[in-house]
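One line per chain: the protein sequences are A and B, in this order.
Oh and the first sequence: position 236 is 236 in my numbering, straight run, nothing missing.
Oh and the second sequence: position 98 is 98 in my numbering, straight run, nothing missing.
Everything labelled a hint here was simulated from the structure, so no lab data went into it.
One or more hints might be untrue.
As the list claims (entries may be wrong) - The calculated lysine to any residue pairs, modelled on SDA-like cross-linking and capped at a C-alpha distance of 20 Å, are:
#1 254/A / 67/B
#2 254/A / 71/B
#3 360/B / 276/B
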Amino acid sequence: MHSISEPSEPVEGPAVYYDGATSARKDVRLSLDPAVLIHAADGDTLAEWPWDRLRRVAGGSDDVLRLSCTGAAPLARLEIRDPALRAAVLAGAGGFAAHDAIERRGRLKIAAWFTAAAVSLVLVGIYGIPAIADRLAPLLPWSFDEQLGRAFDGQVKYYLSTDDRGDRCGTRTGERDGQAALDKMVATLEREAGLPVGLKVIVMPNGATNAFATPGGYIYILLGLIEDAETPDEVAGVLAHEIGHVAARDGTRKVLQTTGVSFLFGMVLGDFTGGGALVVGTQALTESAYSREAETRADAFAVDLMSRAGANPSGLAAFFRRIAKDEGNSSSALQLLSSHPLTPDRIRMLESAGAPAANRPILDNDQWRALKTICGEGE
Amino acid sequence: MAGLLVKGSLLQLVTLGLYRFWYLTDIRRHLWGNTEVAGDGLEYTGTGRELFVGFLIALAIIVPLNVALFLGALATGLVGPALSVVAFVILAVLGQYALFRGRRYRLTRTIWRGLRFHQTGSGWNYALRASLWSIANLVTVGLAYPFSVASLERYKMRHTWYGDARASFVGTGGAFFKRAGLIWLVVMAPFAATLVFLFASTDIVALMADLEAYDPETSEAGAGQFMALIAPGIGLAWALFAGMVLAPLFRAIEFRWWANGVRFSGVTVRSDLRNRSVYAIWFTYIAAFIAMSIVLTLVAGMAGAIYALAGGGAATLGALADPAVWSEGVITVASIVFYLLLMVLMGVIYQLVVVRGFWKLEWETLRLSGLDALYAAQARGEQSSAIGEGLADALDIGAF
Chain A
1 MHSISEPSEP
11 VEGPAVYYDG
21 ATSARKDVRL
31 SLDPAVLIHA
41 ADGDTLAEWP
51 WDRLRRVAGG
61 SDDVLRLSCT
71 GAAPLARLEI
81 RDPALRAAVL
91 AGAGGFAAHD
101 AIERRGRLKI
111 AAWFTAAAVS
121 LVLVGIYGIP
131 AIADRLAPLL
141 PWSFDEQLGR
151 AFDGQVKYYL
161 STDDRGDRCG
171 TRTGERDGQA
181 ALDKMVATLE
191 REAGLPVGLK
201 VIVMPNGATN
211 AFATPGGYIY
221 ILLGLIEDAE
231 TPDEVAGVLA
241 HEIGHVAARD
251 GTRKVLQTTG
261 VSFLFGMVLG
271 DFTGGGALVV
281 GTQALTESAY
291 SREAETRADA
301 FAVDLMSRAG
311 ANPSGLAAFF
321 RRIAKDEGNS
331 SSALQLLSSH
341 PLTPDRIRML
351 ESAGAPAANR
361 PILDNDQWRA
371 LKTICGEGE
Chain B
1 MAGLLVKGSL
11 LQLVTLGLYR
21 FWYLTDIRRH
31 LWGNTEVAGD
41 GLEYTGTGRE
51 LFVGFLIALA
61 IIVPLNVALF
71 LGALATGLVG
81 PALSVVAFVI
91 LAVLGQYALF
101 RGRRYRLTRT
111 IWRGLRFHQT
121 GSGWNYALRA
131 SLWSIANLVT
141 VGLAYPFSVA
151 SLERYKMRHT
161 WYGDARASFV
171 GTGGAFFKRA
181 GLIWLVVMAP
191 FAATLVFLFA
201 STDIVALMAD
211 LEAYDPETSE
221 AGAGQFMALI
231 APGIGLAWAL
241 FAGMVLAPLF
251 RAIEFRWWAN
261 GVRFSGVTVR
271 SDLRNRSVYA
281 IWFTYIAAFI
291 AMSIVLTLVA
301 GMAGAIYALA
311 GGGAATLGAL
321 ADPAVWSEGV
331 ITVASIVFYL
341 LLMVLMGVIY
351 QLVVVRGFWK
361 LEWETLRLSG
371 LDALYAAQAR
381 GEQSSAIGEG
391 LADALDIGAF
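Next up, chain B with everything else stripped away, as it sits in the complex (with noise of 0.2 Å):
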């Protein structure tokens, strides 16, 4: 796999990314090919091309959709907040629809048996629902986040078909509340006190008042109230931090209530991820950063003092021009590259530790009982367009 990755993200390079469509392809039809299922290879059939148009499709969409919101923005005079806001809800929605509609596209390019899934259902119906759940998420600070996947997934489970036969989800919000709701308490509880604690207890506008007047050498006024918008910022701080660090836990823990909820006619599914072995893969990418920037840190500093010691190269050109802004040239030049080698390198670690690390974990660990019911399944459902894969990339949520 590392050749295509390699292959693939300099072809990104050179074309500044326009080979994106052909490069996830590549990588998709790798990990799909390489994958089976009770002895029966999965194939991926998308193109390249597909996407491609799909991409196209979406700036047919995107594009008047910004210059109205641009023209907008010069009638109302709302450049401001508010045009973000609206913007913002706008392409929120619009994204959630294209994640249904990415998720639809993947389906019916996904083989196995010789019978390709698919997926029915409505975008738009999706997008409401998620938007909706977003909100609620929102308002409580995460609480009602498991019931919002737990909706979400019946909804996608339901619509999601092999052949004629049906999947479904039997997962509730409360099995993953249960689950993983200590983390919530750890991670958010400690931000969501303090916010509470500024909305109830403190009159805002007289605080936004006080804080006005406050003057941190002349008066101690206000400085309880001060406290109350300082905590917040330290509650963030918090649920930034321990949120990354207990993420993978919680990642962990959402993949195995999500795979045991999932049903596809009389198939049951287990999944026996390991904590440890999601945390393995994250570890594994952060140590092999550390040590390809310390390896390139060398190189690049062996090449400079190489350069230096071969008389800054531009004094022995002397005549070819000011030899100050000759090496600056240089060292620029040779900065851009250095930077491009390491990000390129990086993509490719990231897709092979990373997203083929847990590729191969989770299905490596996933259970599957009742296949037989999958059998006899006769062929159903058409290929859909690109069109959601298409948006997700023009708003920059690019799934999977």
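Okay, chain A solo, but in the shape it has when bound (with noise of 0.2 Å):
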């Protein structure tokens, strides 16, 4: 109920109205009993605005009182400059106290609403997400793998060409005999894997130390591996390794994820100041646990893969371990580690991976030294 308090006695001023039905201001008196009387200048009654159905505008000024009425033209205004006469009004609809108090409710609950809704979105971004693309990838046919696989090929390539050598090794006269020991080291760990796509492995001509997979099979490996690389079982093990992205679908899996946030924190929540720095830092939280999680999978994937295929499964680990030790003096080496984050459990299980069973080397000493021209002599 609105509080109704009745002026103490008849007050009566000047006012401006505006009918709602046309632009024309007419100058009129207002009286206030028993509700606000809209007078024109010959005295007539223009219209009569209870005071219950009284609602003041908002963001005014505050030296006008801007009025409307429910009921009323929707555009029907009063505007009440004189001082003495405001306070009447204002007084005569108890300061609108119940209407503001309601609005404010309104708003109070639209912001702890929408609050929860944040707070319920975020947690949607960190946990619900990722569990959908995990428990969704396996459900896709490995076709959408590939077609994803394909699409970034092209940019993969893209990016990491240069512009002497092109976009991979091993099409060049000198190189066939690395391109053919590349294909053994793959075929003998592909008949091991028994993988549902077949894997599309090239060596691209860049200095980084490097490998990674993409969808549906793809993988590189940057020369400056080989190059770092002491022992064919070290290039097999990180080979492995990738191979174990493959079939754990991890890519398919980052590409429906990554998509999934940058959707829900870009479209629903809007630009916002701070907000930006905000949704960079929930994104970089989820990947950074995520992919922790995944590079373990993918490294008991690669030591019991090596082992099946016959080669020595320390190769994974000796290779982190040196790239570890040189982190100081080669900043290729930390491309690989930030991608790949070396921590203490993974260290402890690459190593628990005991002597082979046959220990047959995954080349020969001539398909090795093959493997290292593969993008051509080097310096």
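Dock chain to chain to rebuild the complex, using the hints, since each chain is given by itself in its own frame.
Okay, here's the thing in structure tokens:
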């Protein structure tokens, strides 16, 4: 209920009235008993606005009271500048306290619900979307992975190609033997891995020490990694690790996850001051937690695959340890470590791999020398 | 106004921006409500709820569109540049549509003397015109801009109404061009010239081949062509620099030209906006930014010093956790808080100095004559939905 206190004495005063049907400005007199009565200059009553339907228009300046009336024409307005009349109308309407309180409560509710919604959306981003991606990826047909991989392939080649070498090694005359050695290594591992997609492994003429897999069996080994490796088992270990990512469909999962998170945060939450930082932070958080888990799984896969192929599974551990030791003086090694963080757990897991059942080197010496020249004779 | 800005931006922060519809509404209500045109106040009747609903409808359009683009990319393998171009074109046209419809929403929520403004015309028609003009602007390196604004303003204004009184726009691209041409000459002409030089005087294919073979250490070959590529870079850098310095002047010229071209039934408009007032607003904003950064840095520095003097906090709580990890966490949290505080304050200062400053300046320097032509208008036009505003928000091209 609105508190309706009668003005102590009949107050009258000038005001401006717009009827909401024309833009005419009417100078009127108001009387406040028993309702707000609007009188034209000739004394006719133009309108009668009951106290309990009176509303104050929000957002105006302090020295004019602007009123509307529910039930009257929606845009009909009264403007009162006369201080005494203003005070009397405010008093008569109880300072609009009841209506203001409803408005305030409404705002408070909106703020509370939307804060809850924001918390909920962040939780969905951190836990829900990775969970969906985890369960969705295995359900998708492998052709989806391959399509994704093919789409990425062009981009990878575009970004990693060099002017003098193009986008891949192993195609020129002097490099055929190296490519054959690589093919042999891939074939040995692929036979044991039993993947539902064919592997597409290429060496790229890039000096960085790195290797990565994209969805659908595409694996890219950067030349720097082959140059830094001391035995074929080290290269094979890294390759087996990447095959682990392919088998687990980690790339597809990551695509689903980043698409979901950036959509959720970018679109729904919108752009606001400081929001960008929060979004990037949340995204980094979910990704790093997720990728640690994925790396550990790929390691286990690699150790198992190397053992089954009869190669030395400790190659991967040896390689990572050497890279970590050289970390200080080689910036390219850092790239490998940043995408494959070397946690104590990982080293323990990698080193627990025992000696191979039958140590058949994955490449013989000639093949290993050939692999080293897959991008042509070095400097 | 500072009160509602601080409250609104803090609520923005805790709701991760979801409060923006109500925040924007409060700002508009305040600006409109404190503006008088010939003694009669403006009123903004839009609500946060309307904007929120508009945003939800926009999501229903943009989400399937994005999904379709994603699936299209998968099916055709065009993830890279080609798809970005397609997506950009679609979203740019949609963006122009959104801007036109957003204007309609704001007009139909603007009340003066008990009548609302409204806008007729077709959003798609406008989007098509605006998109074609954008291409013209691109091809002419901005030379067509005055004519594009004039043409689009003619379309917008002749579909703008106050009740049953219709507006029009008589400003011409030629007049705008005459006043702002010199700025184009200073800012864009060097860049345009280098581009023309590159495309006209050089065989691009041969140039690319030369660059492939170019080795800075061993050969001088292709150095001339190399300059042809370097020059546009320098031209662009100059355009960015000069553009930044002259942008306020350009905006002032454009606003005066625009205001002088507006007609509303018998009403004519003149703007006495001064260039230096526009620069003053930007300088005030920059000065406020610098002052606030200094103050906040001092505060942060002092807090850091106190923290260090107190024994690193963690050392006294040694058993709690590894001190190194602990203090790293404290520093991370402190810098996030610092960053957010800076962002919130900057947002408030921007609204206060720039948005409110320009609103006030532009209205105060506006002179309207023949206003009595609008004093007997009849009510017409209905409220329109906020879908345009929603689309503009979802596409991150928030108008106003």
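Going down the list of hints, with the structure as the test:
Distance hint between residue 254/A and residue 67/B is fulfilled; the C-alpha atoms sit about 17 Å from each other, no more than 20 Å. A C-alpha spacing of about 17 Å is found between residue 254/A and residue 71/B, which places the hinted pair at or below 20 Å, so the restraint holds. Taken as a hint, the residue 360/B and residue 276/B pair is honoured in the structure, with Cα atoms around 15 Å apart against an allowance of 20 Å.
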